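Trainee: So the sequences go chain by chain: B and Y. At the far end of the first sequence sits residue 876, using the numbering used here, and the numbering has no gaps. At the far end of the second sequence sits residue 988, using the numbering used here, and the numbering has no gaps.
I should point out that these hints are in silico values taken from the structure, not numbers from a laboratory. It cannot be assumed that every hint is accurate.
Mimicking DSS-like on lysine-lysine, the simulated pairs with C-alpha atoms at most 27 Å apart in a straight line are [what the hints assert, rightly or not]: (1) B:575 - B:142; (2) B:64 - Y:936; (3) B:575 - B:751; (4) Y:936 - B:874.
Short derived list, chain B residues pointing at chain Y, Cβ under 10 Å [claimed, not checked]: (5) 32; (6) 33; (7) 40; (8) 41; (9) 44.
Residues from chain Y that keep clear of chain B, each with C-beta distances beyond 10 Å, as calculated [what the hints assert, rightly or not]: (10) 891; (11) 894; (12) 898; (13) 901; (14) 933; (15) 945; (16) 961; (17) 968.
Every value quoted in this text rests on a predicted model; they were computed, and no experiment measured them. For each residue, glycine too, the CB sits at the ideal point set by N, CA and C.
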Amino acid sequence: MNASQPPRWADRLLEWFCAPHLLEEVQGDLHERFTRELHVMGTRRANHNYWVNVLRFVRPFALKRQPERYPSVSLFSPAMFQNYLKIALRNLARNKAYSAINIIGLSIGLSAAMLIMLYTKDEVSYDRFHANNPSIYRITSKSLTPAGIVEQLQPYTGVFPGPKFHEGVPEITAFVRYRENHRDMKEGNDIKSQSVHYADTNFFSIFTFPLLSGNPKTALQNPQSVVISEDVAEKNFGTTNALGKTLFFRRDERFEPYTVTGVAKKSPQNSSIKFDVLMPLVIEADEMANNENWFSVFMNTFVLVSPGANLKAVEAKMNRVYVADARESIKIVAKKYGITGRTVYTLQPFTDMHLSKELPASNGLVDESNPTFSYILSGIALFILLIACINFVNLTVARSLKRAKEIGVRKVVGGARTQLIIQFLGESFLLCLVAFLLAIGLIELALPTFNQLANKALALSYLFDVKLVAGYIILFMVTSLLSGFYPALILSGYNPVQTLYSRFNLSGKNYLQKSLVVLQFTLASFLIIASLTIYSQFNFLTSKELGYDDKNLVIIDKSNLARNEANLLKEELEKNGNIIGIAPKNGGRWGTVAKINGETQVNFAYETVNESYLPLFKIPILTGRNFSPAYPSDSSHSVLVNETFVKEAGWKNPIGQVVDFWFRNEKYTVVGVVKDHHYESLSEKIKPQLFTMKASNPYGVVYIKIKPNTETASLRHIEKVFKKLFPLNPYSYQFLDQENLKRYESEAKWKQMMLFGAILTIFISCIGLFGLATLSAERRTKEIGIRKVLGASVGSVVQLLSTDFLKLVSLSFIFAFPAAWYAMNEWLSNYPYRISIGVWMFLATAFIAITIAFFTVGWQSVRAATINPVKSLKAE
Amino acid sequence: MKRTYLGEFEEIVLLTVAVLEGQAYGVALTHEIIEQTGRSVRLNQIHAALQRLEDKGMVKSEMGEPTAERGGRRKRLFTVTAYGRRTLQEIQEVRVSLWSRLVNPFKPVTSL
Numbered sequence: 001m002n003a004s005q006p007p008r009w010a011d012r013l014l015e016w017f018c019a020p021h022l023l024e025e026v027q028g029d030l031h032e033r034f035t036r037e038l039h040v041m042g043t044r045r046a047n048h049n050y051w052v053n054v055l056r057f058v059r060p061f062a063l064k065r066q067p068e069r070y071p072s073v074s075l076f077s078p079a080m081f082q083n084y085l086k087i088a089l090r091n092l093a094r095n096k097a098y099s100a101i102n103i104i105g106l107s108i109g110l111s112a113a114m115l116i117m118l119y120t121k122d123e124v125s126y127d128r129f130h131a132n133n134p135s136i137y138r139i140t141s142k143s144l145t146p147a148g149i150v151e152q153l154q155p156y157t158g159v160f161p162g163p164k165f166h167e168g169v170p171e172i173t174a175f176v177r178y179r180e181n182h183r184d185m186k187e188g189n190d191i192k193s194q195s196v197h198y199a200d201t202n203f204f205s206i207f208t209f210p211l212l213s214g215n216p217k218t219a220l221q222n223p224q225s226v227v228i229s230e231d232v233a234e235k236n237f238g239t240t241n242a243l244g245k246t247l248f249f250r251r252d253e254r255f256e257p258y259t260v261t262g263v264a265k266k267s268p269q270n271s272s273i274k275f276d277v278l279m280p281l282v283i284e285a286d287e288m289a290n291n292e293n294w295f296s297v298f299m300n301t302f303v304l305v306s307p308g309a310n311l312k313a314v315e316a317k318m319n320r321v322y323v324a325d326a327r328e329s330i331k332i333v334a335k336k337y338g339i340t341g342r343t344v345y346t347l348q349p350f351t352d353m354h355l356s357k358e359l360p361a362s363n364g365l366v367d368e369s370n371p372t373f374s375y376i377l378s379g380i381a382l383f384i385l386l387i388a389c390i391n392f393v394n395l396t397v398a399r400s401l402k403r404a405k406e407i408g409v410r411k412v413v414g415g416a417r418t419q420l421i422i423q424f425l426g427e428s429f430l431l432c433l434v435a436f437l438l439a440i441g442l443i444e445l446a447l448p449t450f451n452q453l454a455n456k457a458l459a460l461s462y463l464f465d466v467k468l469v470a471g472y473i474i475l476f477m478v479t480s481l482l483s484g485f486y487p488a489l490i491l492s493g494y495n496p497v498q499t500l501y502s503r504f505n506l507s508g509k510n511y512l513q514k515s516l517v518v519l520q521f522t523l524a525s526f527l528i529i530a531s532l533t534i535y536s537q538f539n540f541l542t543s544k545e546l547g548y549d550d551k552n553l554v555i556i557d558k559s560n561l562a563r564n565e566a567n568l569l570k571e572e573l574e575k576n577g578n579i580i581g582i583a584p585k586n587g588g589r590w591g592t593v594a595k596i597n598g599e600t601q602v603n604f605a606y607e608t609v610n611e612s613y614l615p616l617f618k619i620p621i622l623t624g625r626n627f628s629p630a631y632p633s634d635s636s637h638s639v640l641v642n643e644t645f646v647k648e649a650g651w652k653n654p655i656g657q658v659v660d661f662w663f664r665n666e667k668y669t670v671v672g673v674v675k676d677h678h679y680e681s682l683s684e685k686i687k688p689q690l691f692t693m694k695a696s697n698p699y700g701v702v703y704i705k706i707k708p709n710t711e712t713a714s715l716r717h718i719e720k721v722f723k724k725l726f727p728l729n730p731y732s733y734q735f736l737d738q739e740n741l742k743r744y745e746s747e748a749k750w751k752q753m754m755l756f757g758a759i760l761t762i763f764i765s766c767i768g769l770f771g772l773a774t775l776s777a778e779r780r781t782k783e784i785g786i787r788k789v790l791g792a793s794v795g796s797v798v799q800l801l802s803t804d805f806l807k808l809v810s811l812s813f814i815f816a817f818p819a820a821w822y823a824m825n826e827w828l829s830n831y832p833y834r835i836s837i838g839v840w841m842f843l844a845t846a847f848i849a850i851t852i853a854f855f856t857v858g859w860q861s862v863r864a865a866t867i868n869p870v871k872s873l874k875a876e
Numbered sequence: 877m878k879r880t881y882l883g884e885f886e887e888i889v890l891l892t893v894a895v896l897e898g899q900a901y902g903v904a905l906t907h908e909i910i911e912q913t914g915r916s917v918r919l920n921q922i923h924a925a926l927q928r929l930e931d932k933g934m935v936k937s938e939m940g941e942p943t944a945e946r947g948g949r950r951k952r953l954f955t956v957t958a959y960g961r962r963t964l965q966e967i968q969e970v971r972v973s974l975w976s977r978l979v980n981p982f983k984p985v986t987s988l
């Protein structure tokens, strides 16, 4: 057949140039001629002649258009629009369930996507509000092995890099060092431990933090001056007009007055630098004189680099300055600690800091963020939106059977396909618009929960931002097109003859609809498995035996607690019968290095305790003995180590082995081995641990064991004793078991997030399935009626209607299970102590998904099955 | 007497339309003219001429039945209008009167 057709492109050309009113006869004549020539001359000649003949028609008479006899209606005529709108609204109103499913699903999907956009925008907007923005950098460094391999990235610096690089590199036009400390502050009659930030005097000329009052240039010039936030001013003075007032901070044993020289506006939400109390950074002269301080690293240093400077060149100059200035101390330190590598200074753009994993914003900077969190959140949001769009596509296509007549009539009275596409796309836009408005309402409701999950302080007012609004409009457009395009294309393609004769059958194979349902349930089951896994891992982390007893343990902070003070505290506290025991320990996490077996170096956690620590925590000693007052030399000669230490050292007989702190010239003998216990979070492996009683190490915290259920009385007693003994120290307490739980806050967040995600996806998938089941039941009303007349039971009809859908849901497991298994294994591999993924999780997921799907579909099926067949058969 | 003048080719097309009696459309006309006059005629010329004749009001047209060889397209069938017939007659009359006034009519060539 194809061989006898004239050249297609010639036809196309003719159709394009020939005036429409002549086209039919001209083309007809040409075709007739062609058919004849085909018989006489063969295909080649006929084709050739056809081309020639077509080209001959490029003549004025054939090109000239005749005015159309009927006015052509523009695709966008207002009358048609009115009609579309009216039909759309009538349709929405008539199919309430369908409209509700679509609108609710889409609005949940849209609000999830919008929230994530809000979140992402906030994340990337961090630290961009400074007037000096692109020129601010943080000095960072990396340690390289002799072979040039990066060993460690160091985001912090000491006192030197700032001033020295500023002096030696002309492109670095200013520097500011910034650190955080805690100072005891008088607040009325109370003493409070207050977080205080220190910065160089030009802090306000580099960073943009507007002052409500005070001169930003001179505010930090006097060492006894302090800049406070409006909150602190309000709290201490009852007014933000606090300029010239005095705050008292403790130095050694006295409280010194500091004059308020500025009141700053609350630091913006999207700032890594947030301060309440800011003081000038004072570096003593002898610290600047000690060249070894190049290796003491404890704060952040920011610099201004002149715009347009070549960063690589600036970094090279910085390192030349460093090597020249620190030459001597590099040698000394290398000798002292056996360091073989070298340090290279680098610059990190200030705006990269917030989302950096390697060089995070910490140590006085706040809100360091893990970009994976954003990725996961975005992933879930996209899942939800996708599922909602799938619902829309599926329901619209499935329901189109009902509208097939309308489409047929429209086509018969001259509706062009483009018009139909516009109509259906328009309907999808209308639905999306309603969903969009609803979504904004949903966001308002969900923001508090979301803020808590995402650790943010976002507000709806953040939405009013040009870029974000543009983003939302694009999101809206994309969603409308995504969900409306396919149905519009399908519906507009119906053949009017078939639809109007009612011989139209849409129930066919419908692979698209089926695969979309499978996709939905794949995503939903994936999230169910993910939340089950995270849930079990979280349970495992929070309920695993830690190897010590953390119940009824109160933690009290007391910096620089001397030995005699500790004894006094013990004596005083134990006067109350509710106090079972107390044990002091060093504050924070200490770690150090020592030599064993002669020359082998080993890194370990370094714990300064006394003899009461291990018994108080009920940590068993496996071999040897605990520290004991019976051996007065314990504090200077004996240490305890844990099992991991022994394993790492390779000791067969640990007792009596020597640990050599060679850089201090101290040697200790191991007198006992402590059973391994999880002294850190369970997301870290147990590392070698060493216990000492060395007298010169200060204690920082005190653990107090109290009798169960005596919290109120015990705490009152503890507070009284503490305030009596240490009136100048701030008092605060924590419970160890609660602190241990806090370590898993991020896991708790993941758990909640996944749970939310899973619930939303399964919910949206199910309402979609519900819609499909309803339509399918409606379509098969007659069939069901006949089956019932012929004796089918309700059960068999329900089975008939549900099996198809349940099959699809089961099919989705084939895709979801391997993917989820892989993803969850990856996630779990982050944890040294973890659960193994059990078969039960998959079984439970299958059970949950199938049950929910069955109830969704089954409800419709039962309804359809219990209708009196007389009704369904009588209705025509 | 005023009348629209016809070109020679137009006259032949118009005459052929008359001859074909309601079955005149592009392809048929082309074939007929080729057969009768022996000159090479192209489809586009016929279409152009028919267009001009219709503009002048000498022919009228209507759409006929579709045929398979035309790919389901309809023919446009032309018939001569009264005005067309009169024009043809007038041309004929002018020719006849001119011939009749010929004193020494050409002898038809009967032999080589």
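Trainee: Decide, hint by hint, whether the structure agrees.
Mentor: Hint check results:
Distance check on the hinted pair: residue 575 of chain B and residue 142 of chain B sit about 53 Å apart at the alpha-carbon level, beyond 27 Å; violated. For the proposed pair residue 64 of chain B and residue 936 of chain Y, the alpha carbon gap of about 19 Å is at most 27 Å, so the pair holds. Taking the CA atoms of residue 575 of chain B and residue 751 of chain B, the gap is near 44 Å; set against the 27 Å cutoff, the hint is violated. The straight-line distance between the Cα atoms of residue 936 of chain Y and residue 874 of chain B is roughly 57 Å, outside the 27 Å bound, and the hint therefore fails.
Given hint, residue 32 of chain B at the interface with chain Y, holds; its Cβ is 5 Å from that chain's nearest Cβ, closer than 10 Å. The interface hint given for residue 33 of chain B holds, since its Cβ lies 6 Å from the closest Cβ of chain Y, which is under the 10 Å cut-off. Because the smallest distance between the Cβ of residue 40 of chain B and any Cβ of chain Y comes to about 13 Å, over 10 Å, the interface hint for this residue is violated. A hinted interface residue such as residue 41 of chain B counts as satisfied when its beta carbon comes closer than 10 Å to some beta carbon of chain Y; here the least separation is about 15 Å, so the hint is violated.
Interface hint status for residue 44 of chain B: violated, as the beta-carbon distance to the closest one in chain Y is roughly 19 Å, over 10 Å. Residue placement check: residue 891 of chain Y keeps its beta carbon more than 10 Å from all beta carbons of chain B (closest about 20 Å). The non-interface label for residue 894 of chain Y is consistent with chain B: the shortest C-beta to C-beta separation is roughly 19 Å, beyond 10 Å. For residue 898 of chain Y, the shortest C-beta to C-beta distance to chain B comes to about 16 Å, beyond the 10 Å cut-off, and the non-interface label holds.
Residue 901 of chain Y, annotated as away from the interface, has a beta carbon of chain B within 10 Å; the closest lies near 7 Å. The beta carbon of residue 933 of chain Y is kept farther than 10 Å from every beta carbon of chain B, the shortest such distance being approximately 16 Å. A cut-off of 10 Å between C-beta atoms contradicts the statement that residue 945 of chain Y is not in contact with chain B; the least separation is 4 Å. The beta carbon of residue 961 of chain Y sits about 23 Å from the closest Cβ of chain B, which is more than 10 Å, so the claim that it is off the interface holds.
Under the 10 Å C-beta cut-off, the non-interface status given to residue 968 of chain Y relative to chain B holds; the minimum distance is some 28 Å.
In this structure, the hints that do not hold are numbers 1, 3, 4, 7, 8, 9, 13, 15, in rising order.
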